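*Asks:* Can you make the complete structure from the sequences, with help from the hints?
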Amino acid sequence: MNNWRDIIINKMKYCSESLIFFIDPDYLLSDEILLRKIEDLEFTITRYENSIQFRFFYEKYCRYSNKKFLVYKNNETELPFDIKQQSAILQIDISTIFPNFSVPLLRKLNIDDLDALYTVHAQYQGSSSTKETLVYLIKHYYKIPYDIVDNQEELYKVLLSIHYRKVLIPPIVKEFLYTKWKDKPAFNSLPLQSMITDTPFFYEYIESEWENVIKAFTLNKTNEILENDLIYFTHPFKNDDVRRLMNDLFLEGKLTKVKPTNLVNTLPDWLNYAVDLNSKELLTERNEYLTRKINEKLENIDSYKDWFTIIDWLAELKSLVLNVDNEKISTDTQDIMKSINEKFQQWMLLNYHTLVSLAPYPKPKMVHHIPYILKEEMETKSSEKVALLVMDGMSYVQWKTVKKYLEKHHLDFEEEGVFAWVPTLTSISRQAIFSGNIPITFSTSLATTSKEEAEWKGFWANQGVVKQYVGYQKALGSELYDKQRILPIKRPSLKVYGAVIDVLDKLTHNTILGEKSLYSQLNLWLETNFLLELLDTLHQEGFNVYITSDHGNTTCIGTGKITEGVLVEQKGERVRIYDDSVIYEESCKKIDGIPWVGVGLPDHYHVLLAKYGESFTKKGEQIVTHGGISIEETIVPFIKVLPNQGAN
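What the sequence shown shows, in the UniProt record's numbering, is residues 1 to 648, in sequence order.
Don't take every hint at face value.
With a cut-off of at most 27 Å between alpha-carbon atoms, the simulated DSSO-like pairs for lysine-lysine come out as follows [what the hints assert, rightly or not]:
1. 495 with 451
2. 404 with 561
3. 37 with 73
Computed spacing ranges between beta-carbons, pair by pair [stated by the list, open to error]:
4. 381 with 128: 56 to 64 Å
5. 256 with 167: 22 to 30 Å
6. 539 with 150: 33 to 41 Å
Honestly, the hints are just simulated from the structure, not real lab data. The structure presented is a predicted model; accordingly, all values stated were derived computationally and were not measured. Beta carbons are placed, not taken as given, at the ideal position from N, Cα and C, and that holds for glycine.
*Replies:* What follows is the structure, encoded as structure tokens:
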């Protein structure tokens, strides 16, 4: 076999049935490349979510079709009897592909890079015991040389690499590392467990250590630098490899440089890069670094995950532009955004449909996966209460502003990206969040959000949470914070809370001076502390709190209003929707736009999108809006908000 995917493909090649049920308990089909290979065999792929949704899909698309369908499911749900009788049923799990490893361990690890795992499996000579498998994978899959770490320099190098790479390190691996390192004398003074397990804490600890180091080198009274102090020769931050890794974190905005107040003499060279001595030089350096990283990544897009990396860097880059007046950086950023969106549009048209077939676990890929992640949080992490705050219209760029403000108040975050539904309209993407479903399942309410509360409660009822324990509020944030108006305070029995904060979307649609104006208004709203106090209330009430968005926004120039009267079913500033295919095809010929593929949408719902940087509005008018498939509109943050716990 060339790779693990061939094992699965070969199982399918000899099935004569047009409908295949694939039992996939280990989420092996959550792989874009594999799904594309299956599509090459002329299969239409869908994931079995529940009996009602599948029955709808089967009756509409499968029963009277000559096409081939693959339906995969990840749990033990019983299949409908009548369909089961006329289908092929295949099953494969992780033990088939990795027979030499400990299967119980692999299931705990939630490994999402099966290509790398397959490579190291081929070289494995040990037993299938949990202990041997774990030791081997830590060294060869996670690439953590734990056995040579016996001083702080080596520890920082390993931890910086782990946290920077955003490798999904499962608890069993973290516990192994802590057990191996905790008794080493060199680490006695360190909050070791938190440094290993908690990325936000690790970054905060590094920042505080830098401040302490710089203070140690500065004598306020004599204005002398203590270059002969022992710390100069021994501190791990002096190590070249450690500094190189940290420098990337400074340039990407994950670490903030120190702003010394009493520094008058020149610091040693190895300290200069951690001190913000010249903000203009730092700005230019960060701009060049982020631009270079984005361009390098654009040359090698292998997965949807690469776009999550790019949007994070792009958001940092745009945050620089919004914070300063620098015409060159502003122009450079516009150029890189154009390059990104040219490639992103091509990728979306070819690959977006594959995302719909992916499972929500171990991380969500699309916004309708989010409720399933909350459900898993309640089931596997003993979280009795979960809260989801949907910041309507918040882009990744605006999240950076929100994050920076909340960090000042000692909140930490676990950050992921997810894809919104297209068209990126509130009534579609936000409804998908609260229903946990794709838009075709709520086809009668695509133009309204009035059914969100019922859909939210319906989702949780299907998970076994009765409606008395589920709450929903919308239109929050426009008023001063009043704790007594928050539903979990009025109804302490709530276990699940969903809320819409729509201030940002309102600000977006009322912005007349572009993104900088929106940025200023967002900061003013944050200063009211509505969000901060809401988060504090929810944490005090015992909720695990998540923040997400239904769509982002982008700056556009109008290409001219289009008059079609009743011919268009629904119209937005970057999208036009038709219920008649003939009229839609005629409009596509006349209007310079992007015909959308319509994945996950009803057959009668035909979508025409505006091109990047354009809108169907008054010619020459600049607006900030949404509805299209730019990366700023389409990829949104999914954040777990953590109260700062300090060192363990």
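*Asks:* So, for every hint listed, does it hold in this structure?
*Replies:* Hints, verified against the model:
The straight-line distance between the Cα atoms of residue 495 and residue 451 is roughly 21 Å, inside the 27 Å bound, and the hint therefore holds. At most 27 Å may separate the alpha-carbon atoms for a hinted pair to count; residue 404 and residue 561 exceed this at roughly 38 Å. A distance of roughly 18 Å separates the Cα atoms of residue 37 and residue 73; the hinted pair therefore holds under the 27 Å criterion. Range check, residue 381 to residue 128: about 28 Å between beta-carbon atoms, so the 56 to 64 Å window is missed.
Range check, residue 256 to residue 167: about 23 Å between beta-carbon atoms, so the 22 to 30 Å window is met. Residue 539 and residue 150 have their C-beta atoms about 38 Å apart, which keeps the hinted 33 to 41 Å range intact.
Comparing the model with each numbered hint stated earlier shows that hints 2 and 4 do not hold.
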